[in-house]
Amino acid sequence: MASILFVEDDPSARAALEMALHRLGHSVTSRCTGEAGLEALRARRPEIAVLDVMLPGVDGIETCRRIRRDDDLPVILLTARGDDLDVVLGLEAGADDYVVKPVEPRVLDARIRAVLRRAEKGHAERSAYGELVIDRASLKVTKEGADVRLTPTELRLLLELARRPGQAMTRQHLLAAVWEHTYPGDSRLVDACVQRLRAKIEDEPAEPRFIETVRGFGYRFAGR
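Position one of the sequence shown corresponds to residue 0 (numbering that gives the first Met the number 0), numbered consecutively onward.
Wrong hints could be hidden among the right ones.
Stated by the list, open to error - Computed cross-link-like contacts, SDA-like style, restricted to lysine to any residue with a CA-CA straight-line distance of at most 25 Å:
id : residue 1 : residue 2
1  : K100      : P183
2  : K142      : D69
3  : K142      : R163
4  : K139      : E103
5  : K139      : P104
6  : K139      : A221
7  : K139      : P183
8  : K139      : Q194
9  : K100      : E124
10 : K100      : R162
11 : K100      : K139
12 : K100      : D69
13 : K139      : A167
14 : K139      : R64
15 : K139      : D69
16 : K100      : H21
17 : K199      : K100
18 : K139      : R195
19 : K199      : H172
20 : K199      : A127
Just so you know, the hints here were simulated from the structure itself, not pulled from any lab data. These numbers were taken from a predicted model, which means no experiment stands behind them.
Input sequences plus hints: build the corresponding full structure.
See the structure below:
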């Protein structure tokens, strides 16, 4: 069972999905606006947030962005079918995954469980790559001795890439290993997460020395 903060402004959709998630074993706190969702999060931190993108006032993307300022809470966005711009903006804001509306409760349940599993995976070892240290036992990353705050998805992606330094990995492999997705169209999840990772661990994200792009293929952890 996961404790979920669910923010959706449509009363009927909110009630139906909240009931379905309860039946699937989750504890759900629902709110109708981004502002109310942020207040609920401050009062009691859930395990994951599910945010509709099209919220009145502070929309789901901005709500995600505000969560990311000081919290690594996993976030899933609910987006309109075919609205690629919302997906891209949401991923850049720090969302871990997205589900296209209308939402099938069991699909959302599977995505929630997959996102939460990412933080629990890892191997007991500590590896240093120059000033970047990856501790798989404690699931912590430091750079020059300072903690690097990563979301569970960012951490899982870094662990997967660093598992075989120097080996190129396809986007499809990373998508399956990290997000447990198989649909090739979701490869933008990988690209957006790599972009966020680079911003946190690279000296110059535009000229990465840890996570290299293998053009037309995927990514490689150089570990230089």
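Evaluation of the provided hints:
Taken as a hint, the K100 and P183 pair is honoured in the structure, with Cα atoms around 19 Å apart against an allowance of 25 Å. Distance check on the hinted pair: K142 and D69 sit about 19 Å apart at the alpha-carbon level, within 25 Å; holds. With a CA separation close to 20 Å, the supplied pair K142 and R163 stays within the 25 Å bound. Between K139 and E103, the direct Cα distance comes to roughly 34 Å. Violation of the 25 Å bound is thereby established for this hinted pair.
Restraint check for K139 and P104: not satisfied, since their Cα atoms lie roughly 33 Å apart, outside the 25 Å limit. Distance restraint check for K139 and A221: the Cα-Cα separation of roughly 19 Å lies within the 25 Å cut-off, and the hinted pair is therefore satisfied. Distance hint between K139 and P183 is unfulfilled; the C-alpha atoms sit about 30 Å from each other, more than 25 Å. Between the alpha carbons of K139 and Q194 the distance comes to roughly 19 Å, so the proposed pair stays at or under 25 Å and holds.
A distance of roughly 40 Å separates the Cα atoms of K100 and E124; the hinted pair therefore is violated under the 25 Å criterion. Distance check on the hinted pair: K100 and R162 sit about 35 Å apart at the alpha-carbon level, beyond 25 Å; violated. Under the criterion of a C-alpha separation no larger than 25 Å, the hint pairing K100 with K139 is inconsistent with the structure, at around 34 Å. Between K100 and D69 the alpha-carbon distance is near 28 Å, which puts this suggested pair outside the 25 Å criterion.
For the proposed pair K139 and A167, the alpha carbon gap of about 23 Å is at most 25 Å, so the pair holds. Note on K139 and R64: the hinted pairing holds, with a Cα-Cα distance of about 22 Å set against a maximum of 25 Å. For the hint pairing K139 with D69, the CA-to-CA distance comes to about 17 Å; that is within 25 Å, so the pair holds. Between K100 and H21 the alpha-carbon distance is near 19 Å, which keeps this suggested pair within the 25 Å criterion.
For the given pair, K199 sits about 31 Å from K100 by alpha-carbon distance, which is inconsistent with the 25 Å threshold. Annotation: proposed proximity of K139 to R195 holds, straight-line Cα distance about 17 Å (limit 25 Å). Among the hinted pairs, K199 with H172 is consistent with the structure: their alpha-carbon atoms are about 23 Å apart, no more than 25 Å. With a C-alpha separation of about 16 Å, the suggested pair K199 and A127 falls inside the 25 Å cut-off, and the hint holds.
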